[in-house]
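J.: Sequence:
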Amino acid sequence: MAFPIRKLLIVSLLSALGSAGALAAEQSHFEHFITRDGAALKDGDRLFRFTGIHAPELHRIEDDARGTCKADPRGWGQYFKWPTAEEQENWIKALVQTGAKAQRVYVLSVQQENDAACGRETHILSPETPDGMPRLNEAAMKVYDNMIAEADKQGLRLILPFIDHWWWWGGREQLAAFYHEKPEDFYRTDSKTFEAYLDVIRQVITRTNTITGRHYYDEKAIMAWETGNELEDTNADFLHQTSAWIRKWAPHQLVVDGTYKKVNDFALSDPNVDIISNHYYTNANNNHPGQVRKDLEAIGGKKVYLVGEFGLLDQKDLDAIMQSIVHTEVNGEQAAGGFIWGFRGHRHDGGFYWHKEYTGHYSYHLPGFPDEGKANQEMEVVNLVRTAAAQMAGLSKAPALPVPEAPRLRESDSPFAINWMGSPVGRYYDVERAVQPQGPWTRVGKDISDGKNEWDPSKMSLFRDNYRSLTLGQTYYYRVIAKNESGQSAPSNVIRLKHTQKNLPPVITLQDMLSTTVDKGVQLNAAWQDDNLPDQKVSVAWSHDGKNNVHFCNSSKEETRVWFSAPGDYALTFTADDGLLESSKTINVSVKPAVRLVPADYCSFGSGTMDVSAGTLNSIKSEKDTLAIGEDGFLGPFAHNGDSVSWQVSAPWDGKFTLNVKFNGKWGSKKNSFIVNDGTPVSIEFPQTDEKGQTIVVPVSLREGANTISFGKFTGDWGYMFIKSIEVTADLLFGCPFGAAF
Numbered sequence: 001m002a003f004p005i006r007k008l009l010i011v012s013l014l015s016a017l018g019s020a021g022a023l024a025a026e027q028s029h030f031e032h033f034i035t036r037d038g039a040a041l042k043d044g045d046r047l048f049r050f051t052g053i054h055a056p057e058l059h060r061i062e063d064d065a066r067g068t069c070k071a072d073p074r075g076w077g078q079y080f081k082w083p084t085a086e087e088q089e090n091w092i093k094a095l096v097q098t099g100a101k102a103q104r105v106y107v108l109s110v111q112q113e114n115d116a117a118c119g120r121e122t123h124i125l126s127p128e129t130p131d132g133m134p135r136l137n138e139a140a141m142k143v144y145d146n147m148i149a150e151a152d153k154q155g156l157r158l159i160l161p162f163i164d165h166w167w168w169w170g171g172r173e174q175l176a177a178f179y180h181e182k183p184e185d186f187y188r189t190d191s192k193t194f195e196a197y198l199d200v201i202r203q204v205i206t207r208t209n210t211i212t213g214r215h216y217y218d219e220k221a222i223m224a225w226e227t228g229n230e231l232e233d234t235n236a237d238f239l240h241q242t243s244a245w246i247r248k249w250a251p252h253q254l255v256v257d258g259t260y261k262k263v264n265d266f267a268l269s270d271p272n273v274d275i276i277s278n279h280y281y282t283n284a285n286n287n288h289p290g291q292v293r294k295d296l297e298a299i300g301g302k303k304v305y306l307v308g309e310f311g312l313l314d315q316k317d318l319d320a321i322m323q324s325i326v327h328t329e330v331n332g333e334q335a336a337g338g339f340i341w342g343f344r345g346h347r348h349d350g351g352f353y354w355h356k357e358y359t360g361h362y363s364y365h366l367p368g369f370p371d372e373g374k375a376n377q378e379m380e381v382v383n384l385v386r387t388a389a390a391q392m393a394g395l396s397k398a399p400a401l402p403v404p405e406a407p408r409l410r411e412s413d414s415p416f417a418i419n420w421m422g423s424p425v426g427r428y429y430d431v432e433r434a435v436q437p438q439g440p441w442t443r444v445g446k447d448i449s450d451g452k453n454e455w456d457p458s459k460m461s462l463f464r465d466n467y468r469s470l471t472l473g474q475t476y477y478y479r480v481i482a483k484n485e486s487g488q489s490a491p492s493n494v495i496r497l498k499h500t501q502k503n504l505p506p507v508i509t510l511q512d513m514l515s516t517t518v519d520k521g522v523q524l525n526a527a528w529q530d531d532n533l534p535d536q537k538v539s540v541a542w543s544h545d546g547k548n549n550v551h552f553c554n555s556s557k558e559e560t561r562v563w564f565s566a567p568g569d570y571a572l573t574f575t576a577d578d579g580l581l582e583s584s585k586t587i588n589v590s591v592k593p594a595v596r597l598v599p600a601d602y603c604s605f606g607s608g609t610m611d612v613s614a615g616t617l618n619s620i621k622s623e624k625d626t627l628a629i630g631e632d633g634f635l636g637p638f639a640h641n642g643d644s645v646s647w648q649v650s651a652p653w654d655g656k657f658t659l660n661v662k663f664n665g666k667w668g669s670k671k672n673s674f675i676v677n678d679g680t681p682v683s684i685e686f687p688q689t690d691e692k693g694q695t696i697v698v699p700v701s702l703r704e705g706a707n708t709i710s711f712g713k714f715t716g717d718w719g720y721m722f723i724k725s726i727e728v729t730a731d732l733l734f735g736c737p738f739g740a741a742f
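Residue 663 in the working numbering sits at position 663 of the sequence shown, and the numbers go up by one each step.
To be clear, the hints were calculated from the coordinates, so they are not data collected in a lab. Yeah, the Cβ is synthetic: ideal placement off N, Cα and C, and Gly gets one too. Heads up, some of the hints might be wrong.
[Claimed, not checked] Below, in silico cross-link-like pairs of lysine-lysine (BS3-like), each with a Cα-Cα straight-line distance of 25 Å or less: (1) K452 x K356; (2) K452 x K671; (3) K446 x K397; (4) K666 x K316; (5) K502 x K459; (6) K182 x K192; (7) K692 x K316; (8) K262 x K302; (9) K502 x K585; (10) K624 x K692; (11) K374 x K42; (12) K316 x K261; (13) K452 x K537; (14) K666 x K692; (15) K42 x K248; (16) K446 x K374; (17) K356 x K42; (18) K356 x K459; (19) K656 x K537; (20) K452 x K502; (21) K692 x K374; (22) K182 x K262; (23) K302 x K248.
[Said to hold, decoys possible] Quick list of the computed label-pair ranges, beta carbon to beta carbon: (24) S486 x K692: 40 to 46 Å; (25) N548 x G67: 30 to 36 Å; (26) S469 x W167: 50 to 56 Å; (27) W167 x L617: 28 to 34 Å; (28) E232 x P130: 28 to 34 Å; (29) K498 x N548: 48 to 54 Å; (30) N493 x R468: 49 to 55 Å; (31) G546 x R468: 29 to 35 Å; (32) E485 x D45: 46 to 52 Å.
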């Protein structure tokens, strides 16, 4: 597109002035901007191709460890925070040191109505006046500044999308809400929403980086600006105006058409569009190696081609797609690169951030962890990405990892809660202890991994010292060394702490008295708390005063049933032992004579398998996804609020039981609920499965006699799950792996 001479002069002057300021502040570590040469990218005169694991959160963190915000009515709304500068440095180093040359991040977040209640900040704030333009959040943009500065420093090129088609972080819908317009008005170029979108682009591109002193349009680390994320309703006028607008303010940087699922002819003829991007996912019916050739043929060498995202597949399928990205050639043209979804990095104070997708896949951690990441195929995925990056660079295999740099040990007041921010490519860690700041040092922890998924900093620590090896009142010094297959780092910084935590016995909570009859037995419910010293293990046991008339169903569990052969008064003792100290507490049970036939078994029970055909169905009328039993016997998909199935279960006693559920998660990991006896719905997280399904176990409390157990889509549930049968048994499995018991 040809601009008026006056505008070109203004832009050139801005660029020159910006560059002059940047030179005074900080010289870029890059020699060239990335440029387009037909259907290829160039770094100077060298071909520029890249691959990696997509890092969406280099500038904003979805903190899954905190769970969902209950104040967000969407049900899945998360808590967010800004990364620290050390975190950004660590993540970008991890990406670069494992072979990445470029990276695409996620969008700029847009303010929405529930942010304040959830303590969320966003990049884009509502206008100060009803008819005004959106504002940039300075605190957020300083984090963005540092991301760009660190990328420049470490040698990573960035692809930066503006606005999201979706509402996860706030997107077009939230931008339109500023002006009481509809989400689809975002794509209408005569709307106020589109005007605001263009103004956000202008504000961002012309911003002066507070770290480098350069305008964003002069940042060589910024390889390209993307119109947005998965803007699947992009039309010709929208793209034409947007790409020209980006080119006006950023003449040295490239423009990506952020369209999703298709290659538009109008994008191929747009002079301001440099890169055509597509995302491959199963729900888009394009998550396969052949899509690379299909898109390259559609582009016909007119633009650069990028696979901006693909993933959520088995590693063999991911490798097939990645190899297609590396090697597929159509009339001499190849894809510039591709990113597997997705990466999360080290936490500032230890462990990793993480995210679980609806398919059950977790985010990947670098440099990959063979044990903690085994179920997620983490090593295989990291290695296939590194291999592809090496192939694009003309190598036969990925080079060895660099020797890790020293980790950063965080201050602590306890030898039983020691944490560090891991080295960017550290795989294991040794912990050393001394009684003097200069040593001599003794290794007290070996080959410790920080790669655990679902890390919860409120409950977990990377290392706890051996209580039995410490002297109360003694001051100790600690340091940490990172290791990988290439060697070990220099020691970390040293921390000093005094051991002042004296072991205390467990504290038991137990009611004083119970009463029952010989024919019933009774449920025992003890609870205990411990200081987690000397270890995080406590053994428990029930015992009695030696009479042969007392029979525990399981004496090694705090919650169990007990029955009695004869009437009388019995003293039952519960003991909790932490390995050094123990506590005991006694409950008195008064047992009266039987009032009915004595059962043959007080401990075992099984309802038998109850198929969905034996339940009562409540199906909400709908033209689509009606609740029904399929030929395979599974009932689903529970797509509508109120869809449910209920069973009647007769329990032999009041107490806790196990609900065994045969389910099918063929449409992905979902959260749905059970209800027992008109109680509160309890949400259960079901993992993705194949069509054959699998069984989960859930603890439930039932009353003696008739009970109703219901499964369905209730308020806040996701639906789209399939159930085949349930069975209630008395083989109690306490400690529900799905985070719920009822």
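J.: Could you run down the list of hints and mark each one as holding or not?
T.: Results for each hint:
Taken as a hint, the K452 and K356 pair is honoured in the structure, with Cα atoms around 13 Å apart against an allowance of 25 Å. Our distance criterion of 25 Å between C-alpha atoms is met by K452 and K671, whose separation comes to about 23 Å. This hinted pair does not check out: K446 and K397 have alpha carbons roughly 30 Å apart, beyond 25 Å. Using a Cα cut-off of 25 Å, the hinted pair K666 and K316 holds, with the two alpha carbons roughly 19 Å apart.
With a C-alpha separation of about 20 Å, the suggested pairing of K502 with K459 holds against the 25 Å cut-off. The suggested pairing of K182 with K192 holds, with an alpha-carbon distance near 10 Å, which does not exceed 25 Å. A threshold of 25 Å between alpha carbons decides the hint, and for K692 with K316 the separation of about 21 Å falls inside it, so the pair holds. Simply put, K262 and K302 have alpha-carbon atoms about 15 Å apart, close enough for the 25 Å limit, and the pair holds.
A distance of roughly 22 Å separates the Cα atoms of K502 and K585; the hinted pair therefore holds under the 25 Å criterion. For a cut-off of 25 Å, the pair hint linking K624 to K692 stands: about 23 Å separates their Cα positions. Distance restraint check for K374 and K42: the Cα-Cα separation of roughly 37 Å exceeds the 25 Å cut-off, and the hinted pair is therefore not satisfied. Of the supplied pair hints, the one linking K316 and K261 holds, its CA atoms being roughly 23 Å apart against a limit of 25 Å.
Note on K452 and K537: the hinted pairing holds, with a Cα-Cα distance of about 20 Å set against a maximum of 25 Å. At roughly 8 Å between alpha-carbon atoms, K666 and K692 fall within 25 Å of each other, so this suggested pair holds. For the given pair, K42 sits about 21 Å from K248 by alpha-carbon distance, which is consistent with the 25 Å threshold. Restraint check for K446 and K374: satisfied, since their Cα atoms lie roughly 20 Å apart, inside the 25 Å limit.
As the CA atoms of K356 and K42 are separated by approximately 36 Å, the hinted pair breaks the 25 Å bound. Taken as a hint, the K356 and K459 pair is honoured in the structure, with Cα atoms around 19 Å apart against an allowance of 25 Å. Distance hint between K656 and K537 is fulfilled; the C-alpha atoms sit about 24 Å from each other, no more than 25 Å. For the hint linking K452 to K502, the alpha-carbon distance of about 29 Å lies beyond 25 Å, and the restraint is violated.
Between K692 and K374, the direct Cα distance comes to roughly 23 Å. Compliance with the 25 Å bound is thereby established for this hinted pair. Between the alpha carbons of K182 and K262 the distance comes to roughly 24 Å, so the proposed pair stays at or under 25 Å and holds. The hinted pair formed by K302 and K248 meets the criterion: a straight-line CA distance of about 21 Å does not exceed 25 Å. Range check, S486 to K692: Cβ separation about 43 Å, and the 40 to 46 Å hint holds.
Distance hint check: the CB atoms of N548 and G67 are about 49 Å apart, inconsistent with the given range 30 to 36 Å. Between S469 and W167 the C-beta distance comes to about 53 Å, which sits within the given range of 50 to 56 Å. Against the hinted window of 28 to 34 Å, the Cβ-Cβ separation of W167 and L617 comes to about 33 Å, which satisfies the hint. Our hint of 28 to 34 Å for E232 and P130 holds, since their Cβ atoms are close to 30 Å apart.
Restraint check, K498 to N548: a C-beta distance of roughly 52 Å satisfies the suggested window 48 to 54 Å. Taking 49 to 55 Å as the suggested C-beta distance range, the pair N493 and R468 does not conform, at roughly 27 Å. At roughly 34 Å, the beta carbons of G546 and R468 sit within the given window of 29 to 35 Å. A hinted range of 46 to 52 Å is violated for the C-beta pair E485 and D45, which are about 35 Å apart.
Checked against the numbered hints given earlier, this structure breaks hints 3, 11, 17, 20, 25, 30, 32; the rest are met.
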